[in-house]
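Whenever a hint applies, use it, and build me the whole structure from the sequences.
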Amino acid sequence: MLGSFLRSLQFLGLAAILLFLLAPVILVFPISFSADAYVAWPPSGWSTRWYGELLKNEELTEAFSNSLVLAIYVTILTLLIATPAALVLARNTFAGRSALVSLFTSPLLLPSIVLGLAILVIFVGYGLVGSWTGMIIGHLVITLPYALRVLMTGLSTLPPFVEDAAGTLGAGPFAVFRRITLPLIAPALVASAALSFIVSFDETVISLFIAGTRLKLLPVSLYHYVESRTDPLIAAVSALMVLGILVLVIVIERAIGLRKAVAK
Amino acid sequence: MYLKVESLEKRYGHLVPVSGLSFSLGQGELLGLLGPSGCGKTTTLRMISGLIHATSGKIIVGGHDVTHLPTYRRNMGVMFQSYALFPHMTIAENVAFGLEMRKLSKADIAQRVSSALSMVRLPALGNRKPLQLSGGQQQRVALARALVIEPDILLLDEPLSNLDAKLRDEMRNEIREIQQRLRMTTVFVTHDQTEAMAICDRIVVMNRGKLEQIGTPHEIYERPSTPMVADFVGRINRIRCRWRDDGAIAFGHTAIGAVSTGPAGSEVLVMVRPHRIELRSAGAKAGRAEGENTIPGTVRQVTYIGDSLQYAVESEGEKIMVEQATTSAGDTYKPGDAVTLNWRARDTLTFAAEADV
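Residue numbers (the numbering used here), protein chains in the order written: chain A, 1 to 264; chain B, 1001 to 1357.
Rather than coming from a laboratory, the hints here were simulated on the basis of the structure.
Please read all numbers here as calculations on a predicted model, not as lab measurements.
Using N, Cα and C, we set each Cβ at its ideal position, and we do this for glycine too.
Where hints are given, some of them may not hold.
[Said to hold, decoys possible] Sample of chain B residues lacking proximity to chain A, with all beta carbon distances greater than 10 Å (derived):
| # | residue |
| --- | --- |
| 1 | F1086 |
| 2 | A1146 |
| 3 | V1299 |
[What the hints assert, rightly or not] Calculated lysine to any residue pairs in the SDA-like style (CA-CA distance at most 20 Å, straight line):
| # | chain 1 | residue 1 | chain 2 | residue 2 |
| --- | --- | --- | --- | --- |
| 4 | B | K1103 | A | R179 |
| 5 | B | K1106 | A | R179 |
| 6 | B | K1129 | A | A255 |
| 7 | B | K1103 | A | A255 |
| 8 | B | K1166 | B | R1183 |
| 9 | B | K1129 | A | R179 |
| 10 | B | K1058 | B | K1106 |
| 11 | B | K1106 | A | A235 |
| 12 | B | K1106 | A | A255 |
| 13 | B | K1103 | A | A175 |
| 14 | B | K1129 | A | L182 |
| 15 | B | K1210 | B | G1028 |
| 16 | B | K1129 | A | P173 |
The structure is reproduced here in structure tokens:
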């Protein structure tokens, strides 16, 4: 009696937490199809006009494509830098190794407003503010720690001695990496790529500091947009972003599912 | 000698897992590296395979110094304790890997892979993934993968320790059979003395990074050169005594005869294997042979373990273990029985007391 009562109480609590967490995400979908000129619940009518408005809004479409290109560059560079770094850090024991790991992952602990300000102060001197180069470097500061963490974990789950075994069978270091290590850490690579992409695409604070006024990025433009207006256009953008990230999460899930398939 | 290891040493700062290690083995010989965990046997194997670099010393294979060659140029087949099969490749791809690295033709590879899998009696499993196989099957794949490259030397690192007892004996004999058929020069690392005795031509007993003794299984067991070896390769009694001036060993009121002698008055460590001691009733006079020790004692404890009976006998204040094969006759000694302990002088192993550490 008491047990089942407690269980249903538990279930209700869980449902309440889920609703609380997901309500804003779910709500943007109906609001994005609103026919009203402002955000209101419930909408007085339904239409796809705000998606049309979005396509016509030059600033937001430009910012969207900029953010997309930036996220792709950042993701590729993150993998190119983080993979060799993770290999060195996960495989070798040398003096200062754990200090280096802490240093490389420390940006995760800093508030991004502190990071953004620090990066701004340095970039001003080199004329990097508002430039693609500056933007890419700024984002790498926050994507690299994530990627490094995920890749180092991926490397540590490699079955013991498979790389050694490949070496004894005549594979040189490069062949070992290409034929053994790379396929086995593929799930970690996919996960860190997806993570880097999302982090870069969503990053607001650092972008706000470094993008300046010339380079338009989606989170920054949205931020400026909501400062002045409250129409359902913002809900349309949000709905698209939620969908896009959902796709990425499914990619990650598939990648980790893939690992399960390999490791049983 | 086909493989020569000369004054091999490995250092990690203050740690010296292997030092001053020298041994050699001939073509087609199976040599065991035997010792307790942490004795440096696996480190030695990894140095031979090139997976770790020797701090000093030499490794010579077929007359060529390979000490400074990287692993992938050494042509050694290694079988790992955990098998280390590539989980993302099929069994056939696993076995083919070493041949692909050697740039053999596709047809050649396919033919060699299938004959290697037949050799380990797994011809039909080529398309499976390693994790779909049992432990024993995975091990056969690992063996096939190590042998298909026709290595100069086969290195086996505790290959049987992940198998259950029955399968272990079967695999042990199979490895020996294949090794003899191919006349494959092999180094076999194990901590299990029975395993080493059963299949090795010669055994290197290692302790604390150093060689204790090298010899045939028979030599290691019957003539251990140190107390550590005597202790490690089988159950044994150890008694501390002193040499008498007549060449015998003082043991309380009686004496123990041995083949060797030592300086009168000096301390000696006496070791006797429990199953080399025969128990007789204290009254019985019969059957006393020349050169045989007869020591009186009292049975304190009897343990029945099926194929043998273990007696704890007290004699001159020492506890001596005796093992006798059980028979269907079933008349055994009971605690409290007065008995004599009888064994041949040549079964008395003696060591300088300071060798006992």
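Comparing the hints with the structure gives:
1. The claim that B/F1086 lies off the interface is violated: its Cβ sits roughly 6 Å from the closest Cβ of chain A, which falls inside the 10 Å cut-off.
2. Listed as outside the interface, B/A1146 is inconsistent with that label: its C-beta sits roughly 8 Å from the nearest C-beta of chain A, within the 10 Å cut-off.
3. Annotated as non-interface, B/V1299 keeps its C-beta farther than 10 Å from every C-beta of chain A; the closest such distance is 50 Å.
4. For the given pair, B/K1103 sits about 15 Å from A/R179 by alpha-carbon distance, which is consistent with the 20 Å threshold.
5. Of the pairs offered as hints, the one joining B/K1106 and A/R179 holds, with about 17 Å between alpha carbons and a cut-off of 20 Å not exceeded.
6. With a C-alpha separation of about 19 Å, the suggested pairing of B/K1129 with A/A255 holds against the 20 Å cut-off.
7. As the CA atoms of B/K1103 and A/A255 are separated by approximately 32 Å, the hinted pair breaks the 20 Å bound.
8. The hinted pair formed by B/K1166 and B/R1183 fails the criterion: a straight-line CA distance of about 26 Å is larger than 20 Å.
9. Pair hint B/K1129 plus A/R179 holds up; C-alpha atoms about 16 Å apart against a cutoff of 20 Å.
10. The hinted pair formed by B/K1058 and B/K1106 fails the criterion: a straight-line CA distance of about 37 Å is larger than 20 Å.
11. Distance hint between B/K1106 and A/A235 is unfulfilled; the C-alpha atoms sit about 58 Å from each other, more than 20 Å.
12. At most 20 Å may separate the alpha-carbon atoms for a hinted pair to count; B/K1106 and A/A255 exceed this at roughly 31 Å.
13. The straight-line distance between the Cα atoms of B/K1103 and A/A175 is roughly 13 Å, inside the 20 Å bound, and the hint therefore holds.
14. Restraint check for B/K1129 and A/L182: satisfied, since their Cα atoms lie roughly 18 Å apart, inside the 20 Å limit.
15. The hinted pair formed by B/K1210 and B/G1028 fails the criterion: a straight-line CA distance of about 25 Å is larger than 20 Å.
16. At most 20 Å may separate the alpha-carbon atoms for a hinted pair to count; B/K1129 and A/P173 exceed this at roughly 24 Å.
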